[in-house]
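Protein chains: 4
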Amino acid sequence: MTDHIERPEYHISKNRLETLVDGIFAIAMTLLVLGISPPRPQDALAKSVLPGMIESLVPQVFLFIVAFLVLALFWLGHHRQFHFVHKIDPVLLWINILILISIVFVPFSTDVAGDYPDVMDAALLFHANMFIVGFLFFTQWRYICRHEHLCEPVLEKPVKRGGFYRSILAPAIAAVGGIICLVNPPLSLLVYIALPVGTYLLGHLPSP
Amino acid sequence: MTDHIERPEYHISKNRLETLVDGIFAIAMTLLVLGISPPRPQDALAKSVLPGMIESLVPQVFLFIVAFLVLALFWLGHHRQFHFVHKIDPVLLWINILILISIVFVPFSTDVAGDYPDVMDAALLFHANMFIVGFLFFTQWRYICRHEHLCEPVLEKPVKRGGFYRSILAPAIAAVGGIICLVNPPLSLLVYIALPVGTYLLGHLPSP
Amino acid sequence: MTDHIERPEYHISKNRLETLVDGIFAIAMTLLVLGISPPRPQDALAKSVLPGMIESLVPQVFLFIVAFLVLALFWLGHHRQFHFVHKIDPVLLWINILILISIVFVPFSTDVAGDYPDVMDAALLFHANMFIVGFLFFTQWRYICRHEHLCEPVLEKPVKRGGFYRSILAPAIAAVGGIICLVNPPLSLLVYIALPVGTYLLGHLPSP
Amino acid sequence: MTDHIERPEYHISKNRLETLVDGIFAIAMTLLVLGISPPRPQDALAKSVLPGMIESLVPQVFLFIVAFLVLALFWLGHHRQFHFVHKIDPVLLWINILILISIVFVPFSTDVAGDYPDVMDAALLFHANMFIVGFLFFTQWRYICRHEHLCEPVLEKPVKRGGFYRSILAPAIAAVGGIICLVNPPLSLLVYIALPVGTYLLGHLPSP
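Residue numbers (the working numbering), protein chains in the order written: chain A, 83 to 290; chain B, 83 to 290; chain C, 83 to 290; chain D, 83 to 290.
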């Protein structure tokens, strides 16, 4: 497969791939809002009913914010991992396409989990989705570390290790969330607060 | 945190952040139209009922235009503030992510307020959303002014002051809107007409 | 206002404006498809009912294609007019923002007109929307021609005249559509076939 | 028509066309998720009913993944074909606009086929859509091969032939899918698994 990359017609420009990735992240992050179902009471009842209906949206809005922040952190992770990528090979391309499928699925799983946060299957769907995204980013980092001819600047040892801890964080948190979910589904969704905190703490390790 | 920015792996390219910001603004501005609910009368009744139904959409269309213009002004504000930003540090990055969450929420709050402009809670939701966006832009400008090592060209005193007045305008108008809303919700939504007018008048002060 | 453009902080980059414009065009063109309501018969009836339901979507699909082509032609028109624009001044910026509002409205008016092509008000909404977009593009071209300091390369006389005919075509066709609509709404929607034909014929005149 | 391209005002920048194409691909790929209808049981019933409802979404999710992968492959095909394109002429522009219309239609046909995979007309709609996209890409490649003045680097014979086989693959698979569909609609949707496999095998031929 190595010789494919050498042939000019197989060259996949890093720039155009990043445009697609950034575009899909931007759209998925914006579509999250469609998961918050606008209340539609009858006009006559609106004044008395709407305040309560808006309050009952709190769990949906909370999960919207959580999902947005997690996507923003994944977008940042993509940014940091690709900082070192110089050439795209077919494997890296397909890891990215799998990442994009699971990112596009997030507005759906957020919608379901936001509507029924106390139903185990709904919350599990969300955790499973986050685990898959996280696992794919972890896989991507492993692949980048093992194929140094794709990289520039060269990856130094501490950078590799820092990126390893950083990219194992998200799938680990999602797995913990999945386990807690078996006992207490709504509580399990709070687990993602550990993601920005953990990423910040790992910021003192070398990166990305 | 300052030394983070020095390490190449922490470098967040201004260009890729602007792409995400522009993308999310473009999508949020376009999704606003989904808040105007297309009338769906039965085919047999359509000819007699539809004209009235289209007329009753006027408040929704009006708020769609208001929200679009306000978002366009915020996009412009981002453009102007980032004109001086040369390097992105983690704090600036997170201010931007918070700005994006509140921008993505706008199609939802516009939808609710457009459907029930005479219900206080619906109009308040819209004012609160606009206040938060405005306040975050104000915070961003303060942060930029106080961290001159991120800037290029250097910020001169009158430019700082001009940007200060300009970025305090939106949250001030949203706060006034919120107060009027306690008395007269539909009227309070007209307050945003002051935003383009005020921005124009402040155009005679140094900028951004 | 001229001295505003000279001040660096008022500089609006042509590049970032084009990104916003291209983004909003791309999203509006894609959202058009949401106007085609997917049939949702009950599973038990689907086999017998669905074929007829799909056939009855023909007018919606037809108008979807028309609206997509018209938007593509407007996008192209933007491209051609901006070929000559070198600097953006505040007036040009605001013409663009007005263009974008009316572009974003197109998925809504297409949805309504596609659902009720034989109701006069629905078809008129579509013609009015198209007329406004066309008129704004016409206005933009006039403004560009009269403010040559914004242009590079310099606009030669035949180029100006060619662009004039070209940009008067869309609003003229929409106006004719509006008049035919008073007599025969569904027929009036066919009028836009004249737009690609006319643009092609005008291609023999100097451009844009 | 050749002299049109020489005139500067007819110049359509490859870059801005690619931005529109990438944008529309990104949005269409993300809108696919809206085709998966989130289950909305009553709160009281949710715990007992939701698991079964989520399971019954499997065919929709499967087709969502298929459609996403096919769109990703088309996006890649566009990337590869445009690698050789240096200048855009009006015919190439219009082939691209037709490609975009049929890409934008994919979320709709995927939605219908995902909801009713065992109804022949629904699955046929999907195959027809895929066939049209594939046929347009095939046409585009033929056009590029026959208009070498638009190309750079020059197309060598084996590259032309490789691109020919590659671009005939998608419409051929869609045609086979359409034929199988007459006998067994749900089975026919599995045919697209041959697309990544076939593209991989053809990777040993010269490209794109």
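These are computed hints drawn from the structure, not numbers from a lab.
Please read these numbers as outputs of a predicted model, since none were measured by experiment.
Treat the hints with caution; some may be incorrect.
Keeping only pairs whose Cα atoms sit at most 27 Å apart, straight-line, the calculated DSSO-like set for lysine-lysine is [as the list claims (entries may be wrong)]:
hint, chain 1, residue 1, chain 2, residue 2
1, B, K129, B, K239
2, D, K239, C, K96
3, C, K242, B, K169
4, C, K169, D, K129
5, B, K169, A, K96
6, A, K96, B, K239
To give an idea of the chain D side of the interface with chain A (calculated C-beta under 7 Å), a few residues [unchecked claim]:
hint, residue
7, D104
8, V115
9, S119
10, L127
11, A128
12, G134
13, I136
14, V140
Beta carbons: idealized from backbone N, C-alpha and C, even for Gly.
Hint check results:
1. The straight-line distance between the Cα atoms of K129 (chain B) and K239 (chain B) is roughly 62 Å, outside the 27 Å bound, and the hint therefore fails.
2. Note on K239 (chain D) and K96 (chain C): the hinted pairing is violated, with a Cα-Cα distance of about 41 Å set against a maximum of 27 Å.
3. For the proposed pair K242 (chain C) and K169 (chain B), the alpha carbon gap of about 42 Å is over 27 Å, so the pair is violated.
4. With a CA separation close to 60 Å, the supplied pair K169 (chain C) and K129 (chain D) exceeds the 27 Å bound.
5. With a CA separation close to 22 Å, the supplied pair K169 (chain B) and K96 (chain A) stays within the 27 Å bound.
6. Between K96 (chain A) and K239 (chain B) the CA atoms are separated by roughly 41 Å; this puts the pair beyond 27 Å, and the hint is violated.
7. Nearest Cβ of chain A to the Cβ of D104 (chain D): about 5 Å, under the 7 Å cut. The hint holds.
8. Annotation: interface hint on V115 (chain D) holds; nearest CB of chain A at approximately 5 Å, less than 7 Å.
9. Look at S119 (chain D): its Cβ only gets to about 10 Å from chain A, farther than 7 Å, so that hint breaks.
10. With a least beta-carbon distance of about 10 Å to chain A, the hint placing L127 (chain D) at the interface is violated under the 7 Å criterion.
11. Here the hint on A128 (chain D) is kept, as its CB sits about 5 Å from the closest CB of chain A, short of 7 Å.
12. The criterion of a C-beta within 7 Å of any C-beta in chain A is not met by G134 (chain D), whose closest approach is roughly 9 Å, and the hint is violated.
13. Proximity of I136 (chain D) to chain A holds as hinted, the smallest CB-CB distance being about 5 Å (cut-off 7 Å).
14. About 12 Å separates the beta-carbon of V140 (chain D) from the nearest beta-carbon of chain A, more than 7 Å, and the hint is not met.
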